[in-house]
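Using the hints, position chain B against chain S.
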Amino acid sequence: MLGLPAEFTPEFLARLEQLRLKTRREYAGMGKGSHLSPRRGSSLEFSDFRHYSRGDDFRYIDWGLYGRTDKYYIKLFKEEEDLLTYIFLDASASMGFPQRDRKFEAAVATALAVAYVALAAGDRVMVRVLAGKGEPPAPVFVYGRHRIVELARHLSAIRPGGELDFAPALAREMVSIRRAGKVFVISDFLGLLNSVERALGLFTAANMDVSAVQILGATELDGQGLQGDVEVVDAETGERVRVSVGARERQRYRETLMRLAHEIRFFCSRSGLHYALYTTDREFHDFFVHAAASLGLVH
Amino acid sequence: MGLLYPGALYFFAIVPALIIAYLARERPRQATVSSVLAFRALRLMRGERFGGRPRFPWTFFVELLILCLAVIAMAGPYAVRKGNPIAVVIDNSAAMQAKTAAGPTRFEDAVAKVIEALETESDGGQVTVYTTAPQPRSLGGAFAETGTAAAAIRRVRPVDAPDDAAALTALLAQLSGNRRIGRIIFASYRTIAAPLPARLTAITTGEPVANYAIGSFALSRETFGAAALRARLNVANFSGATQTLKATITGDGKVVGSAQAATAPGEVAAIDFPNLAPAEEYRAQLLPADAFALDNVAFATGSAVKPVAILFISPVPADGESLKSIPGVALTTRTPAAYSPKDLAESDLAIFEYSLPKEIPPVNALLVMPPPGDPVFDFQVEPAARIELTGWPATDPLTDGVNFRLLNIRSGEYIGQHPWMQAIVSGAAGGLMIAGTRQGHRFVATGFNPFPYLGRQNLPMSILSLNLLSYLAGLGAQTSGYHTGEPWIVPAGVRTIVQPSGRKETVEPGSLFTATEEQGIYTLAGEAGTRTLRAVNLADLGASDLQNVPPIRIESAAGGAPGGEATVRTSLFPYVLAAIIALIMLEAILVYRSPHPALELEP
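Taken in sequence, the protein lines are chains S and B.
Using this note's numbering, read the first sequence as starting at 227 and increasing by one per residue.
Using this note's numbering, read the second sequence as starting at 47 and increasing by one per residue.
Chain S with its partners taken away, still in its complex shape (with noise of 0.2 Å):
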């Protein structure tokens, strides 16, 4: 639909329209929106009190509070602004692998669907791509719903690609940051813990409220459908593994993935971190709904 992923159908996008990003914290943004800012503001938030001084409005005078204390105090209110939103669309080499369970295009999907819903409330949405074939791509920055379009085309021209250490990755991401706001990952997080607890860890202490979208693949889960003596080659690396794949081993390969991720989860809540899981051979449109509170989304 107009370029959009096969899964947006207008029944999705209607459905995406009804939910909201929620943050943990209140960001200033850059402009009118509807989210609280930690600026004051017109809403019907209250903020504070001030002292009365000449040239305020009088219609934010306390009258109560005058007739308790004798003294003009005017009523603060918090400001409502957009929401910066930032998503990074992990592109290595390992979203494109295994090729039957089109991890890629699920993270695609999920970006786009995310990005809808910060556009569709009014708020500017940020994508940088991690790694990927050829250049680097430059950060997309959009605002305005009639923009995911243009974002949906700038994204499917990505294929994946390239080695991707997170912890590296996103600290330099993070140098070109200025307002701080919602953080979406999206990645199969098939790193060195090590390194994705670090990287997520930056965007913590950078103040963000940060969900961490894990993407895998079906058959990725199931031993990567290899069968007998095999020499597995790392997609990013290139190290290789020679292993004998069989129902005993496929069996301890798909607990070890699943105790990485489980590990992945438990740091993030641990950390205040928003995380869900997502595999290929769910419903997308399934997944996104019930999985919005685990993404920091509400209705």
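Keep in mind that the hints were calculated from the coordinates and are not lab data.
Every residue gets a Cβ at the ideal spot worked out from N, C-alpha and C, and that includes glycine.
Heads up, incomplete: computed chain S residues facing chain B, CB under 10 Å, no partners named: (1) Lys329; (2) Val456; (3) Asp460; (4) Thr463; (5) Glu475; (6) Tyr479.
Each pair of labels, with its calculated beta carbon distance range: (7) B/Ser617 - S/Arg480: 53 to 63 Å; (8) S/Glu465 - B/Glu633: 35 to 45 Å; (9) B/Ala125 - S/Arg326: 57 to 67 Å.
So these bits of chain S aren't anywhere near chain B, every CB distance computed over 12 Å: (10) Met256; (11) Tyr369; (12) Arg379; (13) Gly498; (14) His516.
Positioned in the frame of chain S, the structure of chain B alone reads:
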């Protein structure tokens, strides 16, 4: 257990090659995966290959077993067990058709005694049966049981051919020397001279009996070119008393001649039958009847009605005109330029006057005053103004009846020494008439020309000319020159041969026809409906002499091993082969029935 070809076991050296092939096949395939993170845990579970611990599937061991069995099969395995292999040599030659005093023939008696002897064998060893005539041969392979061997022996029939005593002796010597044979049973009318080989049981059947036999039945023309035939029958008296032997000849079923001769014991007499009426088939019957009826009958065929076809090649064809005065001669004349070897196809005799063919002709030929320097015959000739005869044989068929003193040859040429022709009539400076055979045909060369004198006042020259023609063209009839058991070359154009029993054989011209075991008239039929008769007779007085049969002397009789050491070898090859096939089928069924796991090899 043993191996016929132990050297084949060297092929076991290819077993390591199979292992290497398996190891190579077991080398892991490469597959690109998203991350090897979780696979690292599996590395510990995996047995190392190549340099580590190899893992072989069950198919490896099955194929290894198949390979080993194949190598063993190549080595020719056999099992050895003690047994009593028996060789039965039963004489089926013509002499075995003679009746015994009890009534049955010698052969029937021999069969009964052999079967009786076999039935006493309790070991049940293998039995190999040999027949003796016309040449010793075995009846297929060895029979596993005496019962089947006895049945095979019952199916053997005696033939009309004599046996080959030398070949039979060699067979018996070979069997006696074979240590694997436990017993040899030899049933024949022949006896074996002492000492008898240890394992040989000789069953001699039939006693010496009086016999009268036709030794040969030959036809010839009365005179050259005449239609009437003359028959000569050699008859023998193998009895202890003088006997008048009466012979009757029938031609195409009608009696055409009858004669008798009193013959002393052991004597061979000739009975002539002049002026036989022309017929296709002649049958001679000898009386009195005796125990051996086969040699009391003889056959001959006559082609007397056919004229003698003479091809006369000469630069002066008119010289041959005098031949037309001979009755029964069909003359065709050609000049040397018009002559073609194909002209010889219809000719019984070729006469080359003052000329020679470019290759040796495939018929008998008379070469009259051949020119010198010919590369084919290479005659050395020397012209002579006057011929002087100096020598001639008195008994040669070419010179028979010729008075050479009255032979007046005015001029001619002397023929020098020739590589394969010998001088019959010699002159002062060389041969005047030389003769020889080449490629189965007769050739006579003369240094003078007899034809201008033929039928004129020069009687000796006329007699010499007729002798020449008779010698070269034959008398126009076949003699009984074919014997039972002797193969012949199938003549050109003959496609089928009908045996005396009526059995028809399809043959190829030029091939060897060996089914000549029956005495009688064979019909040779060609493609164009041509039909030729050929008489085949026993004509072997050695086989007919039933009173004086020389014993067989086996030279290696003393070398025979005692019967207790006899062993039976049973080849295990069929069993090994069956096992290989079964294993291959088993593997194929199990492998192809098992599900094939999908292997995803990512790009």
